[in-house]
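2 protein chains.
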Amino acid sequence: MAFAGYCYYRRAEIRAMAAEPAGERGASASKKQRPPLDHTSMFETPTAMSVQAIGVIRSPYKERFGTPRQATVWEQSIGNAPQDGEIHLNGDPRYEHALRGLDGFDYCWVICWMHLNTGWNPLVTPPRGPRTKQGIFATRAPHRPNPISLSALKITSVDYKNRIVHVKGLDLLDGTPILDIKPYVPYADAFPNAAAGWLDNIEDKKGPDYLGYSPPPPHLRQKEDKPETEGVSGAEERT
Amino acid sequence: MAFAGYCYYRRAEIRAMAAEPAGERGASASKKQRPPLDHTSMFETPTAMSVQAIGVIRSPYKERFGTPRQATVWEQSIGNAPQDGEIHLNGDPRYEHALRGLDGFDYCWVICWMHLNTGWNPLVTPPRGPRTKQGIFATRAPHRPNPISLSALKITSVDYKNRIVHVKGLDLLDGTPILDIKPYVPYADAFPNAAAGWLDNIEDKKGPDYLGYSPPPPHLRQKEDKPETEGVSGAEERT
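Protein chains in written order, with the UniProt record's numbering: chain A, 1 to 239; chain B, 1 to 239.
So here's chain A without its partners, still in its complex pose (with noise of 0.2 Å):
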């Protein structure tokens, strides 16, 4: 959960509308009057939207390799620990109070748009567990119909005067356009007892994906592996 039963409307838009006859509302319409019971029918559900950049993600990861595929696996990444990133408003004057009150949470979601990710395919083979394809809306593959992503980010500081936000361990390249910051709240987020389908059949869940390229890129190489001569298929998506 998580967002909110929204609100839509402002009643003073509600009003301009006249969803019923001006006359209808009859005198006694006051300040105080509540919007007519039934609103969605009024609406068609819209099929394309556009959204603007609120930020940017500034972040130690240049590429595909070594990039956290959640920003609580670590395994395989630069540096093999969570790594330094930061969440840069952009200079919207708007933007001025829009973090008050963030730093009081540890962890905030940020939603992003996946720029550099182009297509997508219904069924996806997790890079880790059996080689069973799931579906993609069944996994975290980063391949969407909307390549938006959503990362729960350890907050470490937050720096009001240059609207940028240090989180500790992120999932994220650098580049990536935010569409939306939201803090993370417990009792409407947390489930940690939720089954997780054909992830809970694979033991460790935050162990190694199976590498899409041969041999694996220098800075994921330790001393002591020979490079593989035959590498396995680049075709899975992680997740």
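Worth double-checking, as some hints may not be accurate.
Identical chains share a label here; the pair holds if one copy fits it or two copies do between them.
Claimed, not checked - Cut-off 30 Å, straight-line C-alpha distance, at most; resulting in silico cross-link-like pairs (DSBU-like, lysine-lysine):
id, residue 1, residue 2
1, Lys168, Lys133
2, Lys161, Lys62
3, Lys161, Lys133
4, Lys62, Lys168
Bear in mind the hints are in silico, worked out from the structure with no lab data behind them.
Chain B: place on chain A using the hints.
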């Protein structure tokens, strides 16, 4: 956590883009060759993106009143209990298999576009607790720069043939367009002990909101309630 350190361009595209001149890649360039180390600086961060609805929410909630502010909160909501809702994927034939495996998960994230919301303010007054304004990015208020919602919904069943996910308990209006569905993965998403800033100072986190209108609408009014003669301000946002 949640999403993925994403893998952006597929290798064929990388090759086509010719980040390095083809000659430098040499005759040994093979299908297994990995892309160059720094991709991100090759691309500008986009400022505006276009999203497509993948489906629509079917919900008993037709207006703000009686709609839970979070899917886990049903005090003051219609029926005073979690309601049944449906996630309908649209008719794109590629979605036929895209849900495969989702019924093994207890919860899914549903990311929507709150299409009936317009406008936003950098500071909002939460509907509970002390009347202290918080930055919009430190609240889950629905009026946001991009009106994107985030809800973890309990899956009751998946109707693969008709591409419908049945859920129990939701905080979304009927007709809301859906942007993405992701499985809930506790190792990346569940932080039950995370501090929640200003919300931690409110004793009853799932307790009642201040009502923005007075008298409250009939379906929320208790029989013994006397309509208030003076209402409170309706300016606060749900959080």
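Going down the list of hints, with the structure as the test:
1. In this assembly of identical chains, Lys168 and Lys133 lie within 30 Å of each other by CA distance solely across copies; the values are 27 Å between and 32 Å within a copy.
2. Taking identical chains as interchangeable, the C-alpha atoms of Lys161 and Lys62 lie at most 30 Å apart only when both belong to the same chain, with a minimum of 27 Å there against 41 Å between chains.
3. Within a single copy, Lys161 and Lys133 get their C-alpha atoms only as close as 47 Å, which misses the 30 Å cut-off; across copies the closest is 18 Å, which meets it.
4. Taking identical chains as interchangeable, the C-alpha atoms of Lys62 and Lys168 lie at most 30 Å apart only when both belong to the same chain, with a minimum of 17 Å there against 40 Å between chains.
In summary, this structure violates none of the numbered hints.
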